[in-house]
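A.B. asks: Spelled out from the first residue to the last, the chains are:
Protein chains: 2
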Amino acid sequence: MQKYLGYLIDLDGTMYRGNEEIDGAKEFIEKLYQENIPYVFVTNNSTKTAEDVAKYLQDMQIRASASQIITSSKAIAGYIQSKHSGRKVTCYCIGEEGLKRALNEIGVELTNDINSDYVIVGLDRSITYKKLEGACLAIRNGATFLSTNRDHAIPTEKGMGPGNGAITALISTSTEVEPLFVGKPDSIIMQQALKSIGMSSEQVIMIGDNYHTDIQAGIRANMDTLHVETGVTTKEQLLTFNDQPTYTVKTLKEWIPYI
Amino acid sequence: MQKYLGYLIDLDGTMYRGNEEIDGAKEFIEKLYQENIPYVFVTNNSTKTAEDVAKYLQDMQIRASASQIITSSKAIAGYIQSKHSGRKVTCYCIGEEGLKRALNEIGVELTNDINSDYVIVGLDRSITYKKLEGACLAIRNGATFLSTNRDHAIPTEKGMGPGNGAITALISTSTEVEPLFVGKPDSIIMQQALKSIGMSSEQVIMIGDNYHTDIQAGIRANMDTLHVETGVTTKEQLLTFNDQPTYTVKTLKEWIPYI
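The listed protein sequences derive, respectively, from chains Z and Y. Here the first sequence is numbered in our numbering, starting from 690 and rising by one per residue. Here the second sequence is numbered in our numbering, starting from 690 and rising by one per residue.
There is no bait here: all hints are sound.
Restricting the straight-line Cα-Cα distance to at most 35 Å, the calculated cross-link-like pairs of lysine-lysine (DSBU-like) are:
no. : chain 1 : residue 1 : chain 2 : residue 2
1   : Z       : K819      : Y       : K737
2   : Y       : K820      : Z       : K820
3   : Y       : K820      : Z       : K819
4   : Y       : K819      : Z       : K744
5   : Z       : K820      : Y       : K789
6   : Y       : K819      : Z       : K737
7   : Y       : K737      : Y       : K847
8   : Y       : K737      : Z       : K847
9   : Y       : K744      : Y       : K939
10  : Y       : K847      : Z       : K772
11  : Z       : K847      : Y       : K772
12  : Y       : K737      : Y       : K777
13  : Z       : K744      : Z       : K715
14  : Y       : K884      : Y       : K715
15  : Z       : K777      : Y       : K847
16  : Z       : K819      : Y       : K789
17  : Y       : K820      : Z       : K737
18  : Y       : K744      : Z       : K819
19  : Z       : K744      : Y       : K820
20  : Y       : K772      : Y       : K884
21  : Y       : K847      : Z       : K820
22  : Z       : K737      : Y       : K847
23  : Z       : K820      : Y       : K744
Computed beta-carbon distance windows for the label pairs:
no. : chain 1 : residue 1 : chain 2 : residue 2 : range
24  : Y       : G775      : Z       : E710      : 50 to 58 Å
25  : Z       : N804      : Y       : E891      : 48 to 56 Å
26  : Y       : K847      : Z       : E709      : 40 to 48 Å
27  : Z       : D741      : Y       : L799      : 37 to 45 Å
28  : Y       : G831      : Z       : E709      : 23 to 31 Å
Honestly, the hints are just simulated from the structure, not real lab data. A virtual CB, placed ideally from N, CA and C, is assigned to each residue, including glycine.
Sequences and hints are given; from them, build the entire structure.
C.D. replies: In structure tokens, the structure reads:
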């Protein structure tokens with residue numbers, strides 16, 4: 690079995706489940722750390738900052754720094770930066786702190802002007818008709834439309850609430866313009882993760898619980914993939930898909946000997 | 690040419706354009722009135738009450754009473770009433786005054802309970818994440834999902850803002866449940882209009898400017914249709930469609946001799 694030089698790792702369902710620790714996750718990361726093998730966490734979450742996510746992991750005694758967290762917000766910021774090195778760009782942004790902070794950090798101007806260069810959409814639990822109207826108008830005026838991820842639903846205290854993919858569907862239905870999605874399973878976040886870890890797709894493995902986001906993201910980015918049964922996709926569901934992950938394990942504990 | 694016993698008539702683009710009168714509209718309605726030919730106005734608008742719409746027409750000296758206005762809100766209310774005569778039903782409602790009033794008038798209970806019988810969605814310019822989340826949860830819990838119309842975009846002061854079809858797309862994307870749409874071009878509003886005018890589809894003609902809503906609604910409901918060139922769909926666009934309206938005129942003035 691190939692020894693991988695770097696690890697790209699999903700968070701929810703792989704490292705933890707909501708507020709609950711996942712057995713073996715901490716030991717798995719500890720082993721990577723001891724063996725000096727680089728790893729980054731790749732999450733579709735756009736509302737939290739990388740610092741927030743790192744703190745959350747640290748509180749579970751999982752070794753992580755903000756620089757090892759690639760959120761869909763950081764991936765969007767990285768993508769925009771790669772397109773406009775040095776040039777000032779304006780972004781009409783729907784989203785929360787994590788997205789705004791990531792855009793601010795690369796020096797773009799956040800604006801309410803409907804003649805902006807970009808419309809950037811992430812989950813926003815303070816959404817208003819006025820914000821949505823402005824996004825639609827800016828897109829009709831020619832702004833490039835980016836969205837953090839396709840996630841249809843997210844767990845809330847009461848059940849499954851609308852995810853960013855649903856908010857994005859409102860805007861794309863109204864304008865008849867499809868966005869460029871950045872998060873898993875789309876490739877931009879994976880390219881940003883590779884850039885961050887400084888490796889090529891053949892050198893790393895992508896690990897996650899969700900077939901449609903994590904495993905598909907790895908497959909589309911030409912990476913080997915490892916499915917874990919600690920989250921969304923069960924082993925039985927997995928077997929119904931045409932493109933299979935490279936490996937599958939019950940928990941990350943099983944993988945520790947192969948690091 | 691057949692003499693029609695009743696007229697179903699669109700509003701925006703047919704009777705007026707925003708705040709602007711359309712030449713011949715007033716005279717056309719006056720002729721129907723003089724000839725004692727019943728007519729009702731059929732609008733996808735869900736935010737205004739029938740009384741508001743009648744007042745708006747009266748202010749333009751167009752003869753109209755609230756009982757002659759079938760809004761998509763009144764059509765939804767009529768549909769629910771036809772399904773549950775006498776039985777108490779609960780509705781989780783996203784929408785404005787026109788929708789809430791129409792539902793109140795048939796005695797349904799408007800509720801924030803996510804175990805409601807129905808989720809009813811109309812344009813709501815005070816939309817919040819919490820309202821949308823509740824709608825998604827109620828649908829996941831088994832509520833019947835109804836939506837006033839498919840309209841992707843509506844004219845606002847600044848340009849084209851999200852219409853009710855876009856808000857509905859957010860909820861259907863998140864829940865993976867498609868609603869029953871009530872407004873034009875779907876058939877429920879047309880059935881309610883026929884019920885209101887007390888005629889069958891062969892006895893009436895449907896008039897409107899928008900091919901995709903008005904003319905399609907008439908065609909699907911087996912009515913003869915009259916396209917007017919005073920609104921959305923031009924004569925050139927009209928010719929590109931397979932199913933043609935029965936008649937087409939530049940303005941309603943041309944049709945007065947055929948009443």
